[in-house]
Amino acid sequence: MAFDFVCSNNSVFFNMINSFTIPVLALGAILGGIIIALVNMFGQTTHNPKLSLWSKTEVVQLFTSLVATILILQGVNIYCSINLLSVVNLFTTGTTITAPASSVTLFGGAELYLKQSALFNKELLSITRYHLGAYNILEGRYLSRCAEDDGANILLCMFGGFVGAGGASHTQAPESGYSTVSSGLFLSFNTQMFSYLSSLNYLFILRYIFSGMVLFFLPLGTFIRSIPYLRGLGSLLIAVSASFLFIYPLVLSIFYIDFMAGDLSVLKPPIPQDYINDDFGIDTADSFAFFNKEIHDDIFNKGGSQEKQIIELTGNGFIIGVFIPSIAMLAAIASSVYLSRLLGEEIDLSRIVQMV
Amino acid sequence: MKKLLLFLLLVISFSFADATATVQPPSGVGATLAPTSPAWLPIAVLAGITSVILLALLYMVAQGFDLQDLKFLAKEEFYQVIVTFFIIAILQGTVMFVDSLSTNFYGQNMHQTTFDKLNGEITFQEKIFDNLQVFSVQAGSEASKSFFCSLQGTGYSISSCSSFRPLLIPVSTAFQAISLTITELSSMRTLVSFGQKYAFTLLLPAGLLLRTLKFTRGAGGLLIGFAVALYIFLPLGYLFMDDLMLSSKNPYKTNPLPILPSNFDCDPTNSAISDSSTLGGWIQSGSFDSINDASVTQFINLGTSNLVKSKSLYVLLSKDVESYLYAFLIRGTLATVISVLILIAGMRMVSKLAGAEVDVSILSRIG
Numbered sequence: 570m571a572f573d574f575v576c577s578n579n580s581v582f583f584n585m586i587n588s589f590t591i592p593v594l595a596l597g598a599i600l601g602g603i604i605i606a607l608v609n610m611f612g613q614t615t616h617n618p619k620l621s622l623w624s625k626t627e628v629v630q631l632f633t634s635l636v637a638t639i640l641i642l643q644g645v646n647i648y649c650s651i652n653l654l655s656v657v658n659l660f661t662t663g664t665t666i667t668a669p670a671s672s673v674t675l676f677g678g679a680e681l682y683l684k685q686s687a688l689f690n691k692e693l694l695s696i697t698r699y700h701l702g703a704y705n706i707l708e709g710r711y712l713s714r715c716a717e718d719d720g721a722n723i724l725l726c727m728f729g730g731f732v733g734a735g736g737a738s739h740t741q742a743p744e745s746g747y748s749t750v751s752s753g754l755f756l757s758f759n760t761q762m763f764s765y766l767s768s769l770n771y772l773f774i775l776r777y778i779f780s781g782m783v784l785f786f787l788p789l790g791t792f793i794r795s796i797p798y799l800r801g802l803g804s805l806l807i808a809v810s811a812s813f814l815f816i817y818p819l820v821l822s823i824f825y826i827d828f829m830a831g832d833l834s835v836l837k838p839p840i841p842q843d844y845i846n847d848d849f850g851i852d853t854a855d856s857f858a859f860f861n862k863e864i865h866d867d868i869f870n871k872g873g874s875q876e877k878q879i880i881e882l883t884g885n886g887f888i889i890g891v892f893i894p895s896i897a898m899l900a901a902i903a904s905s906v907y908l909s910r911l912l913g914e915e916i917d918l919s920r921i922v923q924m925v
Numbered sequence: 250m251k252k253l254l255l256f257l258l259l260v261i262s263f264s265f266a267d268a269t270a271t272v273q274p275p276s277g278v279g280a281t282l283a284p285t286s287p288a289w290l291p292i293a294v295l296a297g298i299t300s301v302i303l304l305a306l307l308y309m310v311a312q313g314f315d316l317q318d319l320k321f322l323a324k325e326e327f328y329q330v331i332v333t334f335f336i337i338a339i340l341q342g343t344v345m346f347v348d349s350l351s352t353n354f355y356g357q358n359m360h361q362t363t364f365d366k367l368n369g370e371i372t373f374q375e376k377i378f379d380n381l382q383v384f385s386v387q388a389g390s391e392a393s394k395s396f397f398c399s400l401q402g403t404g405y406s407i408s409s410c411s412s413f414r415p416l417l418i419p420v421s422t423a424f425q426a427i428s429l430t431i432t433e434l435s436s437m438r439t440l441v442s443f444g445q446k447y448a449f450t451l452l453l454p455a456g457l458l459l460r461t462l463k464f465t466r467g468a469g470g471l472l473i474g475f476a477v478a479l480y481i482f483l484p485l486g487y488l489f490m491d492d493l494m495l496s497s498k499n500p501y502k503t504n505p506l507p508i509l510p511s512n513f514d515c516d517p518t519n520s521a522i523s524d525s526s527t528l529g530g531w532i533q534s535g536s537f538d539s540i541n542d543a544s545v546t547q548f549i550n551l552g553t554s555n556l557v558k559s560k561s562l563y564v565l566l567s568k569d570v571e572s573y574l575y576a577f578l579i580r581g582t583l584a585t586v587i588s589v590l591i592l593i594a595g596m597r598m599v600s601k602l603a604g605a606e607v608d609v610s611i612l613s614r615i616g
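Heads up: the sequence lines are chains A and B, in that order. Quick note: the first sequence uses the working numbering, first residue 570, plus one each step. Quick note: the second sequence uses the working numbering, first residue 250, plus one each step.
Keep in mind that the hints are not guaranteed to be accurate.
Below, computed lysine-lysine pairings styled on BS3-like, alpha-carbon distance capped at 30 Å [as the list claims (entries may be wrong)]:
#: 1; chain 1: B; residue 1: K376; chain 2: A; residue 2: K871
#: 2; chain 1: B; residue 1: K463; chain 2: B; residue 2: K376
#: 3; chain 1: B; residue 1: K324; chain 2: A; residue 2: K625
#: 4; chain 1: A; residue 1: K691; chain 2: B; residue 2: K376
Hints were generated in silico from the structure; no laboratory data involved.
Work out the full structure: start from the sequences and follow the hints.
The structure is reproduced here in structure tokens:
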């Protein structure tokens, strides 16, 4: 059963809302109100119109911040009430839907996307490891045998050892040519590793967001936004936390809709399961048994090697592990810029794209 | 103005009458194109109408509480929705135009054509992979041969076939190149298939809905840009590159890729290092055009020295390297890179039109 890190009844997220966010939010609003009231009183006392005007403006800003916070918390409830399975029915044409639970929220869909993306790349890594390990064994296998066409050498080879006179033989590594195939497969292995780590990276970012990033930065931003000269920072905190809470999981869950098509998924086609958890080793008996025989077919005894399929699927792994999460991140950043503008401050988040 | 708006809303509602699918059933062997998706136009229009309803609710709230700012915001967003409907109309016209062009040139729609060409290219590259693998296994096996002989504690060993070892170095590089090529082509095929199935039926409506509200307009614009670029620019870019690579003026169009020989062998007891004057002359002159493949092949198969055999193989590989480089670097890698750049450029342009001011060039770096 998929664990929903945000929408479950006893989730850390909702516990934190009730035990931390709302009290701190109230405290921030009260403190902000007290500061505004004090400044207004000081302005009235000293007949300073600037201070009075500032305090009146800040009351409106404080109210805006509180409304924004309430809207954000309501947005979380809406996200938790949308079931992705009902959306999927618009886009599947008679296919079986594969979902880990009877309902998948938008937050759950985002997390499942990244988990399944990481799992996909991990399985690819396992199959590639098997192939690379097999080629490593094959490359190192040497055969020694007597010459076929040289009478003196044959005699020395066959009988020299018995009489202690010496020996002669040909030595050959019949499968050493697979080392070149290994070099190509290593490249795919590196790409898969990069895709795997990228999926995990984006998953950790998502977990960090779900663990309460918004619940910490939101009240902090509300309070800071009411302080003179710090409105930009407060707007930034509110914009970034809200965008990363809503837009980033939303875009990921949109792409998760394709994953729910199961074997008919376009982005995540089924991986051949033949060599995922296999191991193969050669002992002495095997070596003699396969003396004059290709052992390549015995190592890849489930329909042959699968280098070409692995290399093709590496492309899929890259798309789902790197490309699509990057688009989700860019969408969140684009939304942050607009939200911060709405809250009264222009920010340039182009540098955060470097992280992508 | 109000009558015009009412008229537009009525016209839009008739778009539900359009229920024609825009793709043909998949064909061909190997990987298949995604199944026929629901028509995108009703879904996109439905998304637009949902946006109108949301804005109408917002306007009603503003009217009820006499919030002038909110009224102004709702009106401004409503004009944006009208612009969005124009964008949908233009997209529909563009898609129909491009599909009709593609049908005239290739006999089927744009996505199926691109998908079939990508499948064909991947199959072509995998044949090269198989050919290289057979050659590599044989060359590696021969290169590893050695001979030893000892008598009464005295002996020698010799690797007479080590001249075959340098052949493996370019083959190893070729495997790295072809591995990248197949990965890139497969990624592109995935994007084309995803674009055909989901770009206009999922990403575009989601983008339209997000574009409705001001603070999500950036994300909405990005999704719209991605959907349009994925559906239109990416397949068009690849079709253009494919035509360019395989045009009638291209010297590599009709030349089949040479098959590397796999029936050579090495005698580990033959340590002669003599050379053939004819082959030596060829190598010294560097004029590979005058080399006759049959003549070179005889040096491989006849009982000449191991050195001559390996040199002959190297001469053959050198002759064919242009064709292989073209296959890996131009047909496989450059075509996909240019297509991805077209995708990113299109995405940036359409996103900007739709209101997203975000630097998408980072995606081209990933590509």
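Comparing the hints with the structure gives:
This hinted pair checks out: K376 of chain B and K871 of chain A have alpha carbons roughly 21 Å apart, not beyond 30 Å. In summary, the hint linking K463 of chain B to K376 of chain B is not supported, as the alpha carbons are separated by about 52 Å, beyond the 30 Å threshold. Pair hint K324 of chain B plus K625 of chain A holds up; C-alpha atoms about 28 Å apart against a cutoff of 30 Å. At most 30 Å may separate the alpha-carbon atoms for a hinted pair to count; K691 of chain A and K376 of chain B meet this at roughly 27 Å.
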